[in-house]
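Trainee: The primary structure of each chain is shown beneath.
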Amino acid sequence: GDSVTQTEGPVTVSESESLIINCTYSATSIAYPNLFWYVRYPGEGLQLLLKVITAGQKGSSRGFEATYNKETTSFHLQKASVQESDSAVYYCALGRSSGSWQLIFGSGTQLTVMP
Amino acid sequence: AQTIHQWPVAEIKAVGSPLSLGCTIKGKSSPNLYWYWQATGGTLQQLFYSITVGQVESVVQLNLSASRPKDDQFILSTEKLLLSHSGFYLCAWNQANTEVFFGKGTRLTVV
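In order, the protein sequences belong to chains A and B. Residue 134 is where the first sequence starts when you use the numbering used here, and the numbers rise one by one after that. Residue 3 is where the second sequence starts when you use the numbering used here, and the numbers rise one by one after that.
Because the hints were derived from the structure by calculation, they are not lab data. Note that CB positions come from ideal geometry on N, CA and C, so glycine has one too. Just so you know, not all the hints are guaranteed correct.
Facing chain A, from chain B, some residues (calculated, C-beta under 10 Å) [claimed, not checked]: (1) W9; (2) G44; (3) E59; (4) V61; (5) Q63; (6) N65; (7) L66; (8) S67; (9) S69; (10) E101.
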């Protein structure tokens, strides 16, 4: 079946350091799944950070970037310089149509940014 | 603007007791509705979806049931809780295959 694997947490980095959270996917039911990064800030609901629906394209939001790489089946999340306010749980997900619109999530990565 | 409200925020329940979790979506007509669940240490997975009032499809069997009594309301329930039901429950909505919007979730602890 379809699945998503991402960096095991927790991850701790210092403010202004660079960040990469790895995400790889396996999609057996669909050739070109849509790919997403969701984020849950403390006390908030899960919200979309960025999405890419076309292989080879890059998505960006709030200084974060991720490139849809079909060859390596990866969608790594990167940021050049993190801030304390980026502390949150990040989820990689693929989207597919299967009766309904379904998101297949990775296990989530808890990120803590130290001041 | 659309809003999604989940209740309760957290619950501690005994094994064998009943459960009812709720979700309402305001500001959107005929949304697709979803229940997602994450066990402690597990991944978020879709449990149910509903495309229209009165129709609910099960995606994962967990001895839970869901109902959609109104266009803007989605209920998750069971008559007898198991320890394995503990976790984080998220209600969500979208329209067609557009962005999915999530509620803030309910933390359920079964003791």
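Trainee: Against the earlier hints, flag every one the structure doesn't satisfy and list their numbers going up.
Mentor: 1, 5, 6, 7, 8 and 9
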